[in-house]
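Okay, here's what each chain looks like letter by letter:
Number of protein chains: 2
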Amino acid sequence: MYSIGELSRRTGTKVPTIRFYEDKGLLPKPQRTEGNQRRYDDVALKRLRFIRHGRDLGLPLSDVEALLSLEGAQGPDLNRAHDIAERQLVDLRERITQLRKLEAELTRITAACDGKHDHVCAVLHAFSDHSACLGPHNAIK
Amino acid sequence: MYSIGELSRRTGTKVPTIRFYEDKGLLPKPQRTEGNQRRYDDVALKRLRFIRHGRDLGLPLSDVEALLSLEGAQGPDLNRAHDIAERQLVDLRERITQLRKLEAELTRITAACDGKHDHVCAVLHAFSDHSACLGPHNAIK
DNA sequence: GTAACACCTCTAGTAACTAGAGGTTCAAGG
DNA sequence: CCTTGAACCTCTAGTTACTAGAGGTGTTAC
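Same order as they appear, the protein sequences are chains A and B. Using the numbering used here, the letters of the first sequence map in sequence onto residues 1 to 141. Using the numbering used here, the letters of the second sequence map in sequence onto residues 142 to 282.
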């Protein structure tokens with residue numbers, strides 16, 4: 001049995017975050033000591049690792065929750081797991097594309113500044129006026 | 142003079158967002174009609190466009206605010222503008238790198254699922270166990 | 001004059017935590 | 001057995017950048 005601090009160390013999750021997951025229903029309410037402190041077993045440890053890994057892969061908690069509910073599922077229900085992963089991948093690729101556009105604009109903007117600031121700053125000008133940009137761009141998340 | 146709705150249309154900013162910027166001090170408090178409705182001039186329009194463009198380039202409002210305060214500045218103060226743009230660029234590149242790693246993992250994970258779900262789902266397994274991953278990965282923002 | 005629409009303020013909700021206050025329990029050393 | 005300090009407890013509020021809604025008022029076109 002692990003204390004919350006031990007679970008924290010083993011998963012790299014901050015203690016308040018563990019309690020937060022419990023409040024959200026992602027982690028089941030653990031046993032308590034007589035003094036009301038939480039005690040976790042290996043099932044909880046595994047579940048927390050699953051949550052963290054999902055988060056590290058960029059999934060929102062709602063998707064992590066959906067995946068958790070699929071544990072032990074069979075047959076066509078499992079397509080939902082596949083869908084979640086695939087949707088996340090599509091999302092990710094779109095974001096990468098957007099960020100690349102942003103990168104191009106910012107590279108151009110920063111390069112426009114030669115360090116001399118005798119008159120109008122090229123950087124400020126570029127920020128103030130989208131028409132100076134190469135094309136459309138939008139910061140997604 | 143523009144109403145808030147007109148300003149909204151001209152900048153693609155939602156009306157509540159304009160009021161939100163005003164509350165935050167990014168937009169100055171505009172004149173009001175006798176009936177207490179906001180009326181904006183071209184200076185406000187320009188300023189709002191600046192804010193939106195900064196946001197579209199991925200800057201947090203705090204950076205946008207810093208840039209706004211540099212308008213009309215001279216000499217070395219303007220290096221701050223350059224710094225902000227450059228910091229954003231570094232940030233952006235780091236994020237792109239991270240997202241690429243994620244993409245690689247997710248591509249592998251989704252490919253592992255052949256559509257048959259006779260026993261353990263490969264996707265769920267991959268999510269539950271980071272050691273099945275190619276390398277470290279973390280979803281940044 | 002009246003209907004429809006735009007506007008007003010204020011509160012609360014979103015995601016995923018994080019920080020802090022103020023108080024209790026646990027484990028180790030004396 | 002007692003004390004001390006770390007770890008734990010609950011609860012509230014803050015973070016970012018908005019967005020949604022309630023309940024009420026102003027403006028405008030016919």
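Bear in mind the hints are in silico, worked out from the structure with no lab data behind them. Backbone N, C-alpha and C fix where the C-beta goes; we use that ideal spot for every residue, glycine too. Be careful, since some hints might not be right.
Computed footprint of chain B on chain A; a stretch qualifies when at least three of its residues, placed anywhere within it, have a C-beta under 8 angstroms from a C-beta of chain B [said to hold, decoys possible]:
{"#": "1", "region": "31-44"}
{"#": "2", "region": "66-73"}
{"#": "3", "region": "96-108"}
Structure-based check of all given hints:
1. Interface restraint, the region 31-44 of chain A with chain B: violated (0 residues with C-beta to C-beta distance below 8 angstroms; minimum three).
2. Residues of the region 66-73 of chain A lying with their CB closer than 8 angstroms to a CB of chain B number 4, which satisfies the three-residue condition for coverage.
3. Residue count for the region 96-108 of chain A with a Cβ under 8 angstroms from a Cβ of chain B: 8. That meets the three needed, and the coverage hint holds.
Hint check: a violation occurs at hint 1 only; the rest are consistent with the structure.
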